[in-house]
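Student: Sequence:
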Amino acid sequence: MRVLGIDPGLQTMGWGVIDQHGSRLLHVANGICTTKGSDLSARLLSLFEQLSEVVRIHAPDEAAVEKTFVNKDGSGTLKLGQARGIAMLVPARAGLPVGEYSPNSVKKTVVGVGHADKRQVMHMVKLQLPGAAPASPDAADALAIAICHARYGGSRGMTLREVRA
1 MRVLGIDPGL
11 QTMGWGVIDQ
21 HGSRLLHVAN
31 GICTTKGSDL
41 SARLLSLFEQ
51 LSEVVRIHAP
61 DEAAVEKTFV
71 NKDGSGTLKL
81 GQARGIAMLV
91 PARAGLPVGE
101 YSPNSVKKTV
111 VGVGHADKRQ
121 VMHMVKLQLP
131 GAAPASPDAA
141 DALAIAICHA
151 RYGGSRGMTL
161 REVRA
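For the sequence shown, the working numbering gives the first residue as 1, with consecutive numbering after it.
Don't read these hints as lab results, they were simulated from the structure. Treat the hints with caution; some may be incorrect.
Said to hold, decoys possible - SDA-like cross-link-like pairs, simulated, lysine to any residue; straight-line CA separation at most 25 Å:
| id | residue 1 | residue 2 |
| --- | --- | --- |
| 1 | Lys36 | Asn104 |
| 2 | Lys36 | Gln50 |
| 3 | Lys79 | Met124 |
Unchecked claim - Beta-carbon label-pair distances, calculated as ranges:
| id | residue 1 | residue 2 | range |
| --- | --- | --- | --- |
| 4 | Asp61 | Lys126 | 33 to 41 Å |
| 5 | Ser23 | Lys72 | 34 to 42 Å |
| 6 | Lys36 | Ile57 | 16 to 24 Å |
| 7 | Asp61 | Ser41 | 27 to 35 Å |
| 8 | His58 | Arg24 | 15 to 23 Å |
| 9 | Ser38 | Gly74 | 15 to 23 Å |
| 10 | Gln120 | Arg93 | 16 to 24 Å |
| 11 | Gly85 | Gly37 | 32 to 40 Å |
| 12 | Asp73 | Gly95 | 28 to 36 Å |
C-beta atoms are modelled at their ideal positions from N, C-alpha and C, and glycine is treated no differently.
Taking the hints into account, I'd like the entire structure generated from these sequences.
Tutor: Encoded structure:
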């Protein structure tokens, strides 16, 4: 099974692709989609086009997206939600099942603790995916989301379980 992990962001959206063969995980590719400018609609379109190209090139079987958390800045949360909508729309449009995971669930799965920092996530992603060189912390987060999906989700007949953070 090939999994596309997506870490939503309006300025930088991380993505990572892994292959799962039984319990073995292999790094395929990773990167970021970036936007410029202040026009929200153009930025969202740019993310849509870049992520669509990732799906076209890497042909994943399934996708996983990090759930949005609510923060103090309502406007920022709303904009992140719009980017997350793009992150869910692109794989759904390609006919892929999409799993959703909370940030703490992803960190607990990959690092072992639910409140790990980005440096810890990057380190553990590199350990679990030998040869992976994440393009950025956002790409490392996307690979971690893909790892979480491979471990707990997917359409392999398993019931999707929420990892308790």
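Student: For each hint, tell me whether it holds in the structure or not.
Tutor: Checked hints:
{"no.": "1", "hint": "Lys36 <-> Asn104", "in the structure": "violated (29 Å)"}
{"no.": "2", "hint": "Lys36 <-> Gln50", "in the structure": "holds (13 Å)"}
{"no.": "3", "hint": "Lys79 <-> Met124", "in the structure": "violated (29 Å)"}
{"no.": "4", "hint": "Asp61 <-> Lys126: 33 to 41 Å", "in the structure": "violated (24 Å)"}
{"no.": "5", "hint": "Ser23 <-> Lys72: 34 to 42 Å", "in the structure": "holds (40 Å)"}
{"no.": "6", "hint": "Lys36 <-> Ile57: 16 to 24 Å", "in the structure": "holds (22 Å)"}
{"no.": "7", "hint": "Asp61 <-> Ser41: 27 to 35 Å", "in the structure": "holds (31 Å)"}
{"no.": "8", "hint": "His58 <-> Arg24: 15 to 23 Å", "in the structure": "holds (18 Å)"}
{"no.": "9", "hint": "Ser38 <-> Gly74: 15 to 23 Å", "in the structure": "holds (19 Å)"}
{"no.": "10", "hint": "Gln120 <-> Arg93: 16 to 24 Å", "in the structure": "violated (34 Å)"}
{"no.": "11", "hint": "Gly85 <-> Gly37: 32 to 40 Å", "in the structure": "violated (19 Å)"}
{"no.": "12", "hint": "Asp73 <-> Gly95: 28 to 36 Å", "in the structure": "holds (35 Å)"}
Violated hints for the displayed structure, listed by number in ascending order: 1, 3, 4, 10 and 11.
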